[in-house]
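> Below, each chain spelled out in residue letters.
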Amino acid sequence: MSFEGKTAIITGAAQGIGRAVALEFAERGANLLLADIQSAKVESVAAEIRAFGSKATATAVDVTDSNSVASMVELALSEFEQVDILVNDAGGSGTEGVLRIEEVSEDRWDAQVDLNLKGAFLCCKAIVPHMRRRGSGRIVNLSSSNAKGHFGPLNTSGIRLPYAAAKAGIIGLTAQLARDLGRSGIYVNCVLPGFILTEEGARVRGRYEELQQASQEAMAEAVPLGRAGRADEVAKAVAFMASDEASYITGTVLDVTGGR
Amino acid sequence: MTLEGKAAIVTGGAHGLGRAIALRLAHDGSDVMVADLLGGDAEAVADEVRALGRRAASFEVDVSDAGAVGAMVMATVEAFGRIDILVNDAGVSGESALLGMEESFWDRIMAVNLKGNFLCSQAVARQMVAQGEGGRIVNITSTAGANARPGASAYASSKAGIIQFTKVLALELGGEGITVNAVGPGMTLTGSEVKPAPSDGYQKAFVGQVPMGRPGAPADIAAAVAFLASTDAAYVNGQVIFVDGGYSAGKLSVSG
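Sequences listed follow chains A and B, in order.
In this text, residue positions in the first sequence follow our numbering: the first is 1, and each later residue adds one.
In this text, residue positions in the second sequence follow our numbering: the first is 261, and each later residue adds one.
Among the hints, a few may not be true.
[Said to hold, decoys possible] Residues from chain A that face chain B, not an exhaustive set, calculated with beta carbons under 8 Å:
1. Arg-179
2. Gly-182
3. Glu-200
4. Arg-203
5. Ala-222
6. Pro-224
7. Leu-225
8. Phe-240
9. Ile-249
10. Gly-251
[Stated by the list, open to error] Computed Cβ-Cβ distance ranges for the label pairs, DEER-style:
11. Asp-307(B) to Gly-5(A): 49 to 55 Å
12. Ser-136(A) to Glu-393(B): 51 to 57 Å
13. Ser-136(A) to Gln-382(B): 40 to 46 Å
14. Glu-210(A) to Thr-491(B): 27 to 33 Å
15. Glu-27(A) to Ala-331(B): 28 to 34 Å
Since the hints were derived computationally from the structure, they do not count as laboratory data.
No experiment lies behind these values; they were computed from the predicted model shown.
Beta carbons: idealized from backbone N, C-alpha and C, even for Gly.
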């Protein structure tokens with residue numbers, strides 16, 4: 001379905017699934033405000049999209065900082081006057097594998113939960129008043145199969161305990177916010193990716209490629225469809241949930257996991 | 261056209277949700293076999309599919325009869341040469357509290373809703389495996405499959421059975437490139453003559469529990485089925501999408 005005339009804010013758009021969502025939405029004609037803490041990388045995604053004729057503005061954001069989030073929303077409204085869609089993709093489990101609870105310091109717990117859960121809350125809080133005034137809006141939150149304790153072999157996940165807890169929190173945030181906003185014309189849904197290999201150079205792909213071939217095959221075989229998913233396959237599910245095709249769907253979680 | 265060149269079977273396709281799904285798949289480019297216990301009404305929907313510029317056929321089928329289901333699959337292959345999509349929409353509903361329930365009532369609901377889903381899925385999956393190009397199965401369950409209400413023990417059990425059947429088939433058939441998913445409608449007003457709408461009192465009480473504050477429409481359900489039948493859902497497998505205005509996300513405890 002076309003997103004012609006729609007404006008979307010996508011957080012975490014510099015790489016991986018967020019970048020794929022940006023490209024998918026651009027292909028469907030959306031105007032985009034792309035936000036990421038990695039400002040140079042997100043600017044290059046925006047430039048890539050502008051090169052094929054869509055409107056995209058990039059901005060640096062720290063989703064754990066309410067002032068930074070407020071600036072992001074103000075910029076979107078000043079550029080495009082309205083925001084129809086918010087995709088909360090910013091997050092991550094870091095680059096260092098931490099497996100034991102003894103190694104999870106309180107500070108690192110707080111930082112992970114802030115990034116992966118509070119960030120989505122702050123972005124929703126900043127955009128909902130605008131969507132309420134318009135009587136319409138769509139929010140899509142990204143969870144992770146880690147929320148259900150599904151992890152791949154070592155090396156492909158970072159500090160997984162707070163990450164899993166925060167990504168499970170995203171599901172509760174989605175359900176409760178959907179109920180609270182049900183009568184306001186604002187839809188809130190969640191997409192839950194499984195084992196996804198994104199573009200060359202992305203973190204999970206890099207770690208996967210370092211694994212022995214037998215481990216790589218075991219990861220693929222653990223998926224009923226027998227392969228890793230692609231970022232664009234997650235992006236298409238996000239696009240469905242962000243579109244008017246999902247006309248009576250709110251408060252749901254859609255797993256994009258190949259059946260795992 | 262996302263379903264250009266595909267061939268679909270929609271059971272229960274003569275009325276209500278099934279008809280809306282058949283027409284939506286045709287709109288997206290698919291040829292459609294409209295299968296229903298009411299063969300004449302199925303043919304009328306096939307005519308509507310043809311009016312959209314797609315090939316269509318109809319078949320009178322009792323989905324709880326293995327022989328009839330086998331014949332439906334053969335007729336579809338004869339008409340279109342292949343089957344890419346199966347939508348298991350055929351179903352019956354009914355209310356009966358346990359203490360007064362007739363055995364025949366239970367058997368009828370299980371035969372159509374659950375055994376019918378099994379027979380159609382098995383026959384079509386065998387054809388899809390023989391074709392060797394994967395496929396899509398979309399089952400129609402219900403919010404009743406995950407939310408209890410008095411009087412619905414037979415219906416809700418059949419629909420809960422469909423959810424678990426979907427998840428198991430997703431594991432078994434994933435390696436063949438066949439995805440199996442389900443759509444769970446909430447209270448949906450179909451305008452169908454063969455399935456009377458619930459009473460006004462029931463509708464009001466139910467909608468009061470729906471965060472979006474309205475009942476569903478057939479087009480809402482058909483859009484979710486079309487997504488799951490499309491390549492956009494290539495990595496979605498074993499899932500249930502509740503299309504229920506937020507009902508399954510939790511009931512409202514107080515109004516307003």
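> Please write out, lowest number first, the hints stated earlier that are contradicted by the structure.
Result: hints 3, 4, 5, 11, 12, 15 break, sorted rising.
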